[in-house]
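S.K.: Let the hints inform the model, and build the full structure from the sequences given.
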Amino acid sequence: MADVRNGIATRAGAMILAPVGWLANLFDAPLRMLQRRTGSNGMAVFFLAPNMLVFGIFVLFPLVINILYSMTGGGALFLGDRTFVGADQYGRLFSCGSYLDPKSCTEDLFWIAVWNTLVFVVLQVAMMVAVALVTALVLNRELRARSFWRAVFFFPVLLSPVVVGLIWRWILQRQGLLNLMVFEAGGTPVNWLVERSWAFTATIMVSVWAHVGFYSLILLAGLQAIPKDLYEAAEMDGTRPLRVFWRITLPLLAPNLLVVLVLTLIRAVQIFDEVYVLTGGGPGTSTLFLTQYIYEVGFASMLRNPGLASAASILMGAVLVVLTLIQLGIARRNEQRGKMR
Amino acid sequence: MSRVAEFLFRRRGGASWHWTDVFTWFWLIGGLIVMFGPALWLVNSSFKTPAALAEFPPTVLPYVTAEAIVEGYEEPLQLFEVRNDDGSVRVLAEVRRLGTIAQMVDPANPGAIIRVNIRNRTPKRSIAFALDNYVQPFLAFDFFLYLRNSVFVTVVATLITLLTNSMAAFALSKYNFRGRSAVMMLIVATLMVPLSVILVPLYSVISAMGLFNSLWGVILPTVATPTGVFMLRQYMLTIPDELIEAARMDKASEWQIYWRIILPLTAPALAVLAIFSVVWRWNDFLWPLIVLSRKEVYTLQVGLNTYAGQLNVQWHYILAMTVVTMIPVVLVFIFLQRFITTGIAGSGLK
Amino acid sequence: MSQITLTGVSRAFGKVGVLHDINLDILDGELIVFVGPSGCGKSTLLRLIAGLDRPTGGSIAIDGKDVTTVPAADRGLAMVFQSYALYPHMSVRQNLAFGLENARMARAEIDARIAEAARMLEIAPYLDRRPGQLSGGQRQRVAIGRAIVRNPTAFLLDEPLSNLDAELRISTRAELAALHERLSATMVYVTHDQIEAMTLADRIVVLRAGRIEQIGTPLDLYNHPANLFVAGFIGAPRMNFLPVKVAPGGTGRSSLTLDGSAGFEIDGNVSAANGDVTLGLRPHHISLADAGKGDIAARVALVEALGSETIVHTRTSGGQTMLAVVAGQYPVASGDTVDLKFDTSHLHLFDDTGQRIAVR
Amino acid sequence: MSQITLTGVSRAFGKVGVLHDINLDILDGELIVFVGPSGCGKSTLLRLIAGLDRPTGGSIAIDGKDVTTVPAADRGLAMVFQSYALYPHMSVRQNLAFGLENARMARAEIDARIAEAARMLEIAPYLDRRPGQLSGGQRQRVAIGRAIVRNPTAFLLDEPLSNLDAELRISTRAELAALHERLSATMVYVTHDQIEAMTLADRIVVLRAGRIEQIGTPLDLYNHPANLFVAGFIGAPRMNFLPVKVAPGGTGRSSLTLDGSAGFEIDGNVSAANGDVTLGLRPHHISLADAGKGDIAARVALVEALGSETIVHTRTSGGQTMLAVVAGQYPVASGDTVDLKFDTSHLHLFDDTGQRIAVR
Amino acid sequence: GDVRVMWYSDGVEGEVIQDLLNRFMKDNPGINVILDNVAYKVVQEQLPVELEAGRGPDIARVTNIKELADHWLDLTPVIADPAYWQTNFGDQFDWMRPDGSKIIPGFMTQITLTGSFVNKTLFEQAGVPIPADTATWDEWIDAAGKVQQSQQLNAAFAIDRSGHRISAANISYGANYIGGDRLPAPIDAGTKAFAEKLVNWVADGRMNKEIWVSASGTTYRAGADDFINGQIAYYYSGSWQVANLASKIGKNFDWVATGSPCGTAACTGMPGGAALVAIKYTKTASEVGKVMDFLGREDIVREFTERTLFLPAHKGVLAGKIDYKTDDENVKASLEAFLKASGKIAPNAAALPAWKWGTPVYGALVTRISQVMAGELKLDEAFARIDEDIKAQVAEASK
Ligand SMILES: Nc1ncnc2c1ncn2[C@@H]1O[C@H](COP(=O)(O)OP(=O)(O)OP(=O)(O)O)[C@@H](O)[C@H]1O
Ligand SMILES: Nc1ncnc2c1ncn2[C@@H]1O[C@H](COP(=O)(O)OP(=O)(O)OP(=O)(O)O)[C@@H](O)[C@H]1O
Ligand SMILES: [Mg+2]
Ligand SMILES: [Mg+2]
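The listed protein sequences correspond, in order, to chains W, H, U, Y and P.
Taking our numbering, the leading residue of the first sequence gets 1, the next gets one more, and so forth.
Taking our numbering, the leading residue of the second sequence gets 342, the next gets one more, and so forth.
Taking our numbering, the leading residue of the third sequence gets 692, the next gets one more, and so forth.
Taking our numbering, the leading residue of the fourth sequence gets 1052, the next gets one more, and so forth.
Taking our numbering, the leading residue of the fifth sequence gets 1412, the next gets one more, and so forth.
Some clues are possibly wrong.
[Stated by the list, open to error] With a straight-line Cα cutoff of 27 Å, these simulated DSS-like cross-link-like pairs (lysine-lysine) come out:
(1) Y/LYS1344 with Y/LYS1296
(2) P/LYS1557 with P/LYS1531
(3) P/LYS1662 with H/LYS465
(4) P/LYS1603 with W/LYS103
(5) P/LYS1701 with P/LYS1726
(6) P/LYS1802 with H/LYS465
(7) P/LYS1452 with W/LYS103
(8) H/LYS636 with P/LYS1691
(9) W/LYS103 with P/LYS1608
(10) P/LYS1603 with P/LYS1767
(11) U/LYS1032 with W/LYS228
(12) H/LYS515 with Y/LYS1066
(13) H/LYS636 with P/LYS1437
(14) W/LYS228 with H/LYS515
(15) P/LYS1736 with W/LYS103
(16) P/LYS1736 with P/LYS1662
(17) H/LYS636 with P/LYS1452
(18) H/LYS636 with P/LYS1694
(19) P/LYS1701 with H/LYS636
[Claimed, not checked] Partial chain U-side listing against chain Y, Cβ under 7 Å, derived:
(20) GLY827
(21) SER853
(22) ASP856
(23) GLN885
(24) MET889
(25) THR890
(26) ASP893
(27) VAL994
[To be verified] Now the in silico label distances, taken between C-beta atoms and shown as ranges:
(28) U/ASN842 with Y/ALA1112: 46 to 56 Å
(29) W/LEU79 with P/THR1487: 31 to 41 Å
(30) H/SER555 with W/GLY329: 37 to 47 Å
(31) U/ALA865 with Y/ASP1253: 42 to 52 Å
(32) W/GLU142 with Y/ASP1079: 50 to 60 Å
(33) U/GLU872 with W/GLN327: 29 to 39 Å
(34) H/ASP483 with W/LEU242: 29 to 39 Å
(35) W/GLY86 with H/THR400: 50 to 60 Å
No lab work stands behind these hints, which were simulated from the structure alone.
The beta carbon of each residue, even a glycine, is placed where N, CA and C say it ideally should be.
M.R.: Right, dumping it as structure tokens:
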């Protein structure tokens, strides 16, 4: 049954691809000529080129400009109209009485946001990876109505962050659905969004809820790529399910797990919309995260300070780059320990 | 029934429930409630009137206060359940309310006015779907124009994304060339750049290229997503190099190796990226909002957001349209997720 | 300790039936070999016994207990996969240790067993490599090693020696035999190598297109093949077949007439419908004689000199291809005309349905 | 059209040298077979010739043109991988067609070639299956098919028949030989099967630990192995080796003394440092005789009955293991005492460095 | 030619204006007016970028009119009767042009005024009389507090989380934001006095904690939902809520607007609103003039006002009778109340819309005061921070 349906999907895919395939074949002759000139390895440049071109124009170049931005001051928007101030913006971010106490800093909110973000990232990434992994493992089993279950977990990803924030605010607010249920169950309602620790937990839970389908899907694709005969071998070796997971699944999932780890980390640092709608950074400043700070400084207040916002974002980016490079470094070491097959 | 159960609850081993089976079902049912519950509620809410939406505590289903036409009164009157002193309950229609006293009539016997303290009455409510939430936006805005724009952006951006990203990922996973790790690092490093950070410079670029108020201005900046390259590359690492070698022996050009060998074997990851790309582009909002300020080129999300004002957000329309705009993506998801099936890359080898 | 009983087992992939009604009783401590043409269902049968796959019909019992639905991990068998299925992310040592660690064996014991297996299979120098860094034969040996370190009560081996060189193959074969002896483990062994099958097996099961054709001891199958298929399949080069007419001959004898040319008489009575039978004669039982001195004249088509013996491919005047194996390096060249001489004490007869005809 | 010349080729993985200074000239249209123990570097050498790997030293030329850095796709060779490397997402038919489509061949021609290959390899029923749905042997045949449909000028085959049953192996071997004949294609063939090597090869290259030990025609290697290694490696079961003392005997003769027991004389002069040499004698050249009638007494340790011949493992009083192969089913059982009789016309002598000693 | 109008909506005004424009186009066949309905976010975030790049629509409805004042077109040469405009809209021109300039950039489509709403039913049920027009903030909150007690409410009252909202009260207590050189003055006793009250009201549970505490920075949060659900007795927001409240409260209870409570210095609300301005970079200035002329016509403004339930800026309309198109008595009464309150705007409040540093002051106020409410800062620290924040922003913007 599932076979048949997959067959249909495959055939439909093939039908869609047929004309594309024909087009692709047209490319072949000129590309062969190119290949004759560049050699097999030289074709790497060709394969990279389109992506890198778009990437350069629309990502890299603006990024470089952004670095310049961070060295200017004033409210003007375009680089040409702005005053060069050197490292002043960075100086402002770093001017603190004591680095241990955010309150002693000129930009106290920046440091509060940094701290909040840090705690959030650690907790959220751990939670996200764990939940995504478990979900992927569960969805990877031979389930009936597989596409339904996949859709269930993926569904929230389809919602815009604003709607996500809104739904959960309705659920979590003082008179929300959750308290209604708590009340019906005989408990005392909690003001989830006004209590510091609950609000912080809520941001983590909601962001996991909203994005876990995304990462589960990546992991699911990775899981399905693990050759089945290895599981059979493990079964013959009398391996218990948990051990199969630790010793077979996890190592072989490593490349995809790395994707998930890097992406969750980056996206955790960049969390914004849903939190903005859900808690708005409150109570107090306890869920004020870096991007909200940047947004407030650079966009929300009518007197924008794009220079300061850029400086903050570049600091944030720099930290992320370092973290990611560490992750990649570890991964590369593993990769080099031997091509797998 | 038992066949249904058997169908649903197929288990790992044979006869008995392994703990992994128990856990699986725990997770699935839990997921159904936690993941799907709020979403269902969203759908329900999209049928609520603005008043019902603002209501505390919220109701699960869309309710409105029941009304009845009562003889002698022009307008329909609201119905209430009134608790009498003796504890019995009857349904009355409210004529008017003065302070804490409501003047009511029995709809069956509209002659006599009954005075009721408002504490003793609760509105009688019935389920009703505020279809207006759906109908109005269709009438008020150019739904089909926006739909066309959205579809164009989504399809074109996704196709370009899949093509360029997979090409780059192929180069980065299966070739050894100088600077490969540098390029990889660069790509991953730029993953961290949130759009809002490069918004202004990017705007200048788009503006300089004359892509302002053009759908291409929405499409192009998004197609080089580092996420896609990174994800595909990691997946391609798991494809055995021997297959490429075999193709080289078969005199396949590098392009054909990419097209005929790598792409099909990356299908699961491509499906994932396609799903993501469709979802992203379809739901994209911030960037199109910046690039598109003319309604001929609005996408659905941008159109939808005209309901977000300064002081007031018309959530009932936004929710309804959210539900409508979600339908195509759900269908796309259901179609594409089928390609996330058992990877077969290993089965060509001994 | 492991008696495996298959009762009416069948397996189909979709509409394609691959195994049909397999009934087989593998005795405790027996070494049984599955042979059969490529694609006949040997690996599938092995996987069913292992529990990696479920039969679509019939049942499997181990030691009398029905295990048809028992998962592989709980059947306590060890298997060498035709595709090796080595864990690519583990070193050879880890590959070998994995199953033992699962059983919570003490480290020292694990090391000892790995060392023993490594010695046996000559893989000690590669213990710290990953499978991807090994040659094909080395991988295969690791796959064998992974099974034998576990000292299980039953082994399932799917063409375990196919990628080894002759010398290693012989020594490994001997080690497996010794292991079988020492552990008195049941072994189910799939091979395409005639020598392996003949020397190792207690009994051989000949499969063909998902059905069992014959079960018996090696020499049984060699000397008394039940039908044309088994006769052709067991023994290399394969048996020569010739259509002959049979008629009663002298007392207690029958006379066989080759089409066209002369016939000869054999001991025993043969009864066959309208006298048409197939004569089977192994190449080893045909010798070359000078022209006129043999039973049938033939022309040499191809000579394969193996050093120790020479395979002579000939074509008879009747157009049949007949192979003869002669010891040593026989001085004959293609194009020569020779006479073939049959060793009539070793001939086999089959009726028109391909079944063996007993010669009484 | 394809002459392949290797000059001083070496290959190392990291610090591990796998091939050392390989010099080899493969003639146009020649069928050359690589043999050697598992892990000796055969596949690596094949991959270097194919261009899938670059040598760390030396150069490779095809038809006199240096191709050391030419990519695989441009060398015009076809290869059967030891691991098959079938395209898992394509049906068998597509797997076969892929190379032809790359050459922009007409559809009809492609179909014809596929049909021909399918017939040859008996895979016609599976043309629309994916590799994952095939048995091991079927996959291997597809791998062969993928190479042969291309009619290339040179083939590289890495153990192409290892997973086929005897019958199919023989027929495929014959098809390959015919193909070789028809296309006059150069073939480089790796195998562990002695019979394949002996019957197919124009020349055999014996490799050992990354070095060439001997190159020669099959019978050359069989009859005149250059050293102990080749002598032991070529021929199955392997040659028996015995330490003997040599001394001049009668005119033009030498006398050999087995340790402890009696000796015998052979034709020819043998010179060796302090008279210690190794005697090599193939099992086929040892026969069993009644006690007292042979050259040396031994005790039967194991009897392997293959049907067509019987391998008798014996242990001499000196403690050496000696194998004898006797034709047919010989009535002997382990524990029996027998006398071994040497066929002295076929013995080999090696000096203490293992090199062959010519007997003049 | 084409005239593009960028327009955002809080309610039905998008439909109303489209309606009016259709009428205009029928009368002026040569002019094609395209109404681009956009999200408020576009006006707020994209339009400035576009303007800075020297582009944009021809006409836009904006709220940050002062900050972007450099980009507005002087309509004087293209409108039929500049004097009409001066008379009827002149009071607000300073809100939308650079200091010292004399141009006519456009007109206010809507005046807003902050003010309060009372749940009459709750007050009645509690038996608490509704305080008089002249009641102070303290008196109002006390009264609401009594209602809270008697009716077991979660809170007595709420104020929208916005610096703009509390500025009205600050000014009532004597605050003045504008210092010498028209730069921000350090915050004064008036502001401090009201801020302290606010913090105390949160602490004693009378002010709804959720609105202010459960957000940070300048995030805007309205308290309307609590009021709509009868969870609070008193709500301080502004005139724009009238339509919203009307539609969602329906017949659930009686409510009314009551202007702004008094402080020690005044009883003022804060004026504000959205303006329709023409943009300098237009290529069809004369057509733009025609459109603006049409939309500024007294009858058109009146119709727009009546249908949208807005407060008009047009002197003539204000002088006449406005017949709001609603049959909700609460609405009519409330709009009357706001119209009345607009007469009582203190000069300090009236000056703010035309002052370019208003936004940073509002932002700093709300950011820091809510931190005090959440217990993260002491009041003194907060006041010091507010001054610093404002100073930093001014310094940055002056670079
Ligand atoms: N990637 C690698 N890294 C290190 N050593 C390797 C690597 N690949 C192969 N080797 C080693 O090189 C040697 C030669 O390998 P090769 O595959 O050529 O052997 P082979 O002669 O084909 O053996 P077999 O008959 O077992 O297939 C082996 O000892 C193997 O362990
Ligand atoms: N997944 C599958 N779908 C369909 N047919 C299959 C599948 N797996 C195997 N088969 C078919 O089942 C038959 C038996 O396969 P099996 O692997 O048991 O053969 P085998 O006897 O082990 O052969 P070999 O000696 O070639 O390994 C083959 O014809 C094969 O094509
Ligand atoms: Mg098999
Ligand atoms: Mg090899």
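S.K.: Now tell me, hint by hint, if it's right for this structure.
M.R.: Status of the hints after comparison with the structure:
1. Y/LYS1344 with Y/LYS1296: Distance of about 22 Å is within 27 Å: holds.
2. P/LYS1557 with P/LYS1531: Holds, at about 14 Å.
3. P/LYS1662 with H/LYS465: Holds, at roughly 14 Å.
4. P/LYS1603 with W/LYS103: Between P/LYS1603 and W/LYS103 the Cα gap is close to 21 Å, so the pair holds against 27 Å.
5. P/LYS1701 with P/LYS1726: holds (21 Å)
6. P/LYS1802 with H/LYS465: violated (57 Å)
7. P/LYS1452 with W/LYS103: Violated. P/LYS1452 to W/LYS103 sits at ~32 Å, over the 27 Å cutoff.
8. H/LYS636 with P/LYS1691: The given pair, whose Cα atoms are some 21 Å apart, holds under the 27 Å limit.
9. W/LYS103 with P/LYS1608: holds (24 Å)
10. P/LYS1603 with P/LYS1767: Holds, at roughly 22 Å.
11. U/LYS1032 with W/LYS228: violated (55 Å)
12. H/LYS515 with Y/LYS1066: Holds - the C-alpha atoms of Y/LYS1066 and H/LYS515 are around 24 Å apart, at most 27 Å.
13. H/LYS636 with P/LYS1437: holds (21 Å)
14. W/LYS228 with H/LYS515: holds (23 Å)
15. P/LYS1736 with W/LYS103: Judged against 27 Å, a Cα distance of about 53 Å means the pair is violated.
16. P/LYS1736 with P/LYS1662: holds (18 Å)
17. H/LYS636 with P/LYS1452: Holds, at about 15 Å.
18. H/LYS636 with P/LYS1694: Holds. H/LYS636 to P/LYS1694 sits at ~19 Å (cutoff 27 Å).
19. P/LYS1701 with H/LYS636: The hint holds at about 22 Å.
20. GLY827: holds (4 Å)
21. SER853: holds (5 Å)
22. ASP856: holds (4 Å)
23. GLN885: holds (6 Å)
24. MET889: For U/MET889, the interface hint holds, since the closest Cβ of chain Y sits about 5 Å away, which is under 7 Å.
25. THR890: holds (4 Å)
26. ASP893: Hint on U/ASP893: violated, closest Cβ of chain Y at ~13 Å, above 7 Å.
27. VAL994: violated (10 Å)
28. U/ASN842 with Y/ALA1112: 46 to 56 Å: Check passed, 53 Å falls within 46 to 56 Å.
29. W/LEU79 with P/THR1487: 31 to 41 Å: holds (34 Å)
30. H/SER555 with W/GLY329: 37 to 47 Å: holds (41 Å)
31. U/ALA865 with Y/ASP1253: 42 to 52 Å: Given range 42 to 52 Å: violated, Cβ gap about 33 Å.
32. W/GLU142 with Y/ASP1079: 50 to 60 Å: holds (55 Å)
33. U/GLU872 with W/GLN327: 29 to 39 Å: Once the Cβ atoms are compared, 53 Å apart, the range 29 to 39 Å for W/GLN327 and U/GLU872 is violated.
34. H/ASP483 with W/LEU242: 29 to 39 Å: violated (56 Å)
35. W/GLY86 with H/THR400: 50 to 60 Å: The hinted range 50 to 60 Å holds for W/GLY86 and H/THR400, with Cβ atoms some 59 Å apart.
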